[in-house]
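K.L.:
In case you want the letters, here they are:
Number of protein chains: 2
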Amino acid sequence: MSTIVNRRDLDFLLYETLGLDSLLEAPRFSDYDKDAIDAIFDLSQSIAEEVFQPFAAQLDDNEPKYIDGKVEIIPQVREALDAYKEAGLFMTPYDADIGGMQLPWMVHQALNSMFVCANTSVSNYAFLTQGAANMLHACGSKELQDKFLPNMLAGEWFGTMCLSEPQAGSSLSDIRTKAEKLDDGRYKITGTKMWISGGDHELTDNIIHMVLAKIPGAPPGVKGISLFLVPKNNVNDDGRIGDSNNVALAGLNHKMGHRGTTNCLLNFGESGDTIGYLVGGENQGLANMFHMMNEARIGVGMAATVIALGGYLYSLDYARNRPQGRHLTNKDPETPMVMISEHADVKRLLMTQKAYVEGALALMYYAANLLDQIKISDDQQEKNTLNLLLELLTPICKSWPSEFCLEANKHAIQILGGYGYTREYPVERLYRDNRLNHIHEGTHAIHGLDIMGRKVRIADGAALKALAAQVMSTIEQASQWGGLSQHGQDLSASLKVVQTTLESVSKANDPSLALANATLFLDAMGHVVIAWMWLKQAVAAQKGLATGIPADKAFYEGKLAACQFFYRYELPKAICQFELVAKVDDTCFNLTAEQFIGT
Amino acid sequence: MSTIVNRRDLDFLLYETLGLDSLLEAPRFSDYDKDAIDAIFDLSQSIAEEVFQPFAAQLDDNEPKYIDGKVEIIPQVREALDAYKEAGLFMTPYDADIGGMQLPWMVHQALNSMFVCANTSVSNYAFLTQGAANMLHACGSKELQDKFLPNMLAGEWFGTMCLSEPQAGSSLSDIRTKAEKLDDGRYKITGTKMWISGGDHELTDNIIHMVLAKIPGAPPGVKGISLFLVPKNNVNDDGRIGDSNNVALAGLNHKMGHRGTTNCLLNFGESGDTIGYLVGGENQGLANMFHMMNEARIGVGMAATVIALGGYLYSLDYARNRPQGRHLTNKDPETPMVMISEHADVKRLLMTQKAYVEGALALMYYAANLLDQIKISDDQQEKNTLNLLLELLTPICKSWPSEFCLEANKHAIQILGGYGYTREYPVERLYRDNRLNHIHEGTHAIHGLDIMGRKVRIADGAALKALAAQVMSTIEQASQWGGLSQHGQDLSASLKVVQTTLESVSKANDPSLALANATLFLDAMGHVVIAWMWLKQAVAAQKGLATGIPADKAFYEGKLAACQFFYRYELPKAICQFELVAKVDDTCFNLTAEQFIGT
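In order, the protein sequence lines correspond to chains A and B. Start counting the first sequence at 1048; every next residue gets the next number (the working numbering). Start counting the second sequence at 1048; every next residue gets the next number (the working numbering).
Please note that a few of the clues may not be correct.
Identical copies carry no separate label here, and so any pair may be met within one copy or between two of them.
SDA-like mimics (lysine to any residue), calculated; alpha carbons at most 25 angstroms apart, straight line [said to hold, decoys possible]: (1) 1543 to 1619; (2) 1630 to 1539; (3) 1270 to 1188; (4) 1543 to 1524; (5) 1600 to 1142; (6) 1081 to 1188; (7) 1422 to 1389; (8) 1554 to 1377; (9) 1543 to 1626; (10) 1620 to 1633; (11) 1630 to 1617.
For the record, the hints were derived by calculation from the structure and aren't laboratory data.
Just need the whole structure built from these sequences, with the hints factored in.
P.N.:
Written as C-alpha cells, this is what we have:
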C-alpha cells in the first residue's frame, strides 16, 4: 500500500465531502474534470513514490555539508527536483496568464502534499520557490518580473524568503538589515539573515531571495520594512547570469529534522556590494511579504498533516503485518500470535492518528476551497464573508496540525515499538520533521494571539458569526441522520462554550492577562473546528453508505467511527480547556522569573 | 547556573518534603548525615558537569560505529566512565556486605540522575552494569558471584540485560533462545537477542550478559523461561579472561536518541559454542529478571524526568537572557526589547515544565523512599503496605514521566524557537533521548494493563486503599494552610472519581473491553498521584515560608504557584479522562483492521 497518500480518502475529501466536482463547473477551472485531475494525481504520486521517497532516509542521514564556502548535497536531490520540473509541476500554483496550470488550490495542495509526505526536505526547495515567485508576481514591477520570473516559474532558479535575523526571530519589528538607495534606483543591501531555508546550494544556477530590510529614515518598527528582490548572482540585461551579488553563506544550521534542506545564515554586502530591487512600494514590505501568507500558513498546516499521514499509513501497515502477543483472554502461549492491530491500545493509537490526520486533511482542503471560492466569486459580499472565514481559520490551519499531527507521529513510533525508535524505519524521521511546524511561519503562541486577540474580534465578531453559520448548516444536515444527531448537539453546545468563553474573557481588566492563555484557546478552538470537519465527513459517509456500494462499506464505517471517536474522546478535552480559559487565570502570568527556581 | 540539577530543589524534595533526615536516623544509614550526602552530591555534580556533559552533543553526532566486527566509540566515553569508576560511584547502589556504599536509594537515585541528565547515553553503560550485578547478587550462586561479581561491582566489566528477540519484543512468552544443559552443569546457548543496550563495545575487557532463554522441555510461555549469565569472553578459573564465548555482534541499531549507547543485535552460539550459567532455578527466569524490576522502572521514570529537567533548566536560563519583542500593550518599537521570560506564553511553557518535572521528581523520590522504608522496617504489616503502595505506584513512576516529561522537552524546544530545533542547542537532543521511555521496560500500554488489570485489584483493592490513606493524610496536613484547602478538596474529589470509574468499569461484561482504555486510565491516575505530590510540596513550602528566611521566599512562592497551576490546569484534564474511561467506550475496540482506510 502507498504510505504517502490514501487515494480513496482523497476522493472522499475532495469530492464527496467538499464538492470539488461543483467547483470544477466554474469557468476558471473549465480545463479540468475528475479524469484530468486523477491523471495529475497519478503522475504526482508516481514521481513522489518513485523518485522522492526512496532516498528520504539517506538524505536525512547525509545532510548538506558546508565545504570551502559551498554547499554539497547528495545528487539525488537534484535528480528529484529535475523530475518534478520536467513533469511541469513547478507550474501548478500559477494562473494561466503567466503560463500556469490554473488548478484549483485544493488540487495543488493535494498533489504537493504527496511530495511533502514522500520527502519533506526536498519538497521545501520547490515550495519556497513557488512562494517567492508568487510574491514577485503579485507585487513586483513588470520589469522585475520580466527579468526574474520566467526562470523561477520554470524551476530553473530557486527562491527563498529572508525575514528573520539572529536578534529578531518572531519580532520582525527589530530587523536591522539596511537598504540604501543608489542613484540608479536600486538598493545596496547590508545585514545578516538567519534561518534561510534553501538559502544557498548548487542545485540551480541562481537563487532569488525575497528580503525584508529597512531604508534609512523609514518609520520605526514594522511600518518601516520594505521588500527587496536580491539575486545570489547578478543577472545581465540579456538575461544571462553575471557576477556574484555577494550574498555570502556564513554557516549552515543543523536541525533535528528537515535535514536535507539547507538552512542558512546569510551575510549581505559583507564581501562587496549586494544589490537589491525594491518589490512593491517603500515601507510596504510586510504587507507584500504577507501577500501569500494565508496560502503559506495553510501550506505549513498541510505539511504537518501529511507528515503525520505518512506515519499513520506506515504504522497501520506495520500493525496489520506484525504478529506479537495474543488476545488478553487467551492465556495459552502455544496458540499463534495475533497481529498487533488486534490489540485494543494499538487500535486506539491508530484511531487517534486517523482522527487527527483525516480531520486536519479535511480542514486543509476546506481552507484551500475557500481560496478557490474567493477567486471564482463575483459577489463582493460573499467574497468578504469567505475572506473573514479564511482569516479566522488560518491560525487554526497552521497550528492545529502542528500540535496534534505531531502527537500522531508520536503514536506511530509507539506502534512500531523499538523499531519505531530507530532510523531504520521512517516514523522517527517524520516525528523529527514535524516538530518544526510549531515554530516557523509564526510560532504557536503568535497564532494564539492572532486568533484570540484579533481574528475573533474583527468586524465586530463577523468572522466568528460566519463560522457559526457554516457549522450550523452542517449540524442541520447531520440532523437528518439519526446516528449523527448527538454529535450535532455536542458541536452546537461547544460553539456556545466558545461564545461564553470569549464573553468571560472580555470582562478582564488587563488586556495582557486576557490573552495570557490564548494558546490554550487556539488549541481548543481548533478542536471545535476539527469536530465540525468530522461531522461534515460523517454526513458524506452516511450518504456514501446509503448508495450501498459494498466495496466502500468498511471505508465509510471507519469514517463514522472516527467521527464518533473525535466527539467522545477529543471534544470533551476542548470543553475542559475553554472552562479554564474562561477563568482568566493568572497563575503563570503573575509569576516572576525568580520564582521558577528560587534564584 | 547548572543545567543538570537544581540543588535547592533537591534539598527541598529530599529533606523538607520527603523527610530524608528522619530516614538517616535508621541504623542502616548511620554512616551518613546531610553533610556527607552533600559531599557525595558535590562530587557527582562536578564529575557529571565537567566530564559527562561537555561531550554529550559530540557523542550524539558521532554515534558508535560497527567496523570489522568491532564497535568504535569516541574516547571520551571511556574517559567519563573511568572518572565515574575512580570516584567509586559504581558502588553506590550496593549494600555494605559486598563493599557497597549502602546509600539510601533516594540518594543513589539523586546522584545517578545528574549523570543521566548530563549525558544519558554514557550513563546507560553504568546503570545497566549495576542492574545486572544486582540481579546476579540477588539470584546467583556463590560460585557464580565469586567469579563474576567483583569485576562488575568495580566497574571493570560491564553488564547487560538480554530479554527481547526480533520476533518477541513485548511478548517474552515467545522467546526462542535455547539453553541446552551440558554434562558439567553449564548450558549451551543458541539464539538471537535484539535491542541489547551496551551489548557490545571495547570499553571494558568483558561484558556480562544476563540472558533469558528456554531449556528444551520447559513449560510453554513465560513459565518455561530461565535466566543465564553469559560472558562475552570466558573467564578462566584463575579469574583471568580466556577465549571468546562466541557472542557475535550481528549489527547495531541506529536510534533517534540515546545515540551514544550501542544497541545491538547479538547472536549466541552461531560461530562456536556459547556457554551460559544458570542464575537461580530452572524456569525461574522471569521472576529472577524481575527481581529488580521496581527499581529499574523507577529508574526509567527518573531518567525521563531528569532529561526533562535538563530541558527545563536550559530553557529557563535561555528565556531569562534572550531579548525578543515587547509587552503586548507596548506598541512603541523604539523601546528596548524584553527578555522572553516576560511573555505570558513563555511563562506558561516554563510553568508547565516546572509542574511536570518537579512533580515527577517528587514521585521518583517518594518511590525511592518506599524502597528504603521497606528495607529498614521490621514490622511485617507495614512492609506489606509499603510494598503494595510501591507495586501500585511503579507503573505510574515509569509511565507518567515518559509521557508528560517528553511534553516538557517539547516545550523547551518551543522556548528556544528556531534555535531549539537545531543540534547547536541541547534541547532537541533531550527531546529525542526522552522519546524512548514510553517503549522500553514495558511499553506505555503494558503499564496501563498492569495498573488497571492487576495493581488496582490486588488484595481486594488494598494497594488503592493504602494510597488513599496516604493521600488523605496529606490532605489533612494541607487543610491547616488556608491557601491549600481548595486543592485538598479537589484532590479528595478526584480520588472519589478514581473509585467510581473503577466501579463503572468493573460492570463491563467483556474483560478485554474493560481494559481497552487502560492507557488513558494510567495517564489520568498519574495526574492524581502527581497532584498529591504537588500538595505535599505545597505543605512543605508553606512550612518553609513560615520560617521566614528571605532568601527562600521566591523559591517557596514558585512551589505554591506550581501546585496551583497543577490543580487548575492539569487535574481537570484527568477528571475528563476518567469520565471517558468510566463509559467503557467501544469505538476503537470494535474497529476492524479494514475500517481504518477502507481496504
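K.L.:
Now, for every hint given, state plainly whether the structure supports it.
P.N.:
Hint by hint, here is what the structure shows:
Taking identical chains as interchangeable, the C-alpha atoms of residue 1543 and residue 1619 lie at most 25 angstroms apart whether they share a chain (14 angstroms) or sit on different chains (20 angstroms). In this assembly of identical chains, residue 1630 and residue 1539 lie within 25 angstroms of each other by CA distance both inside one copy and across copies; the values are 22 angstroms within and 22 angstroms between. In this assembly of identical chains, residue 1270 and residue 1188 lie within 25 angstroms of each other by CA distance solely inside one copy; the values are 21 angstroms within and 79 angstroms between copies. In this homomeric assembly, residue 1543 and residue 1524 come within 25 angstroms of each other (Cα to Cα) only inside a single copy, at 19 angstroms, whereas the closest approach across copies is 41 angstroms.
For a Cα distance limit of 25 angstroms, the shortest separation of residue 1600 from residue 1142 qualifies neither inside one copy, at 39 angstroms, nor across copies, at 64 angstroms. With identical chains, the CA atoms of residue 1081 and residue 1188 are never at most 25 angstroms apart, being 37 angstroms at best within one copy and 75 angstroms at best between copies. In the homo-oligomer, the alpha carbons of residue 1422 and residue 1389 never lie at most 25 angstroms apart, since the shortest distance is 47 angstroms inside one protomer and 42 angstroms across protomers. Within a single copy, residue 1554 and residue 1377 get their C-alpha atoms only as close as 58 angstroms, which misses the 25 angstroms cut-off; across copies the closest is 21 angstroms, which meets it.
For a Cα distance limit of 25 angstroms, the shortest separation of residue 1543 from residue 1626 qualifies both inside one copy, at 12 angstroms, and across copies, at 22 angstroms. Taking the shortest Cα distances, residue 1620 and residue 1633 sit within 25 angstroms of each other both inside one copy (21 angstroms) and across copies (18 angstroms). In this assembly of identical chains, the alpha carbons of residue 1630 and residue 1617 lie at most 25 angstroms apart whether taken from the same copy (21 angstroms) or from different copies (14 angstroms).
Of the numbered hints given earlier, the model fails hints 5, 6, 7; all others are met.
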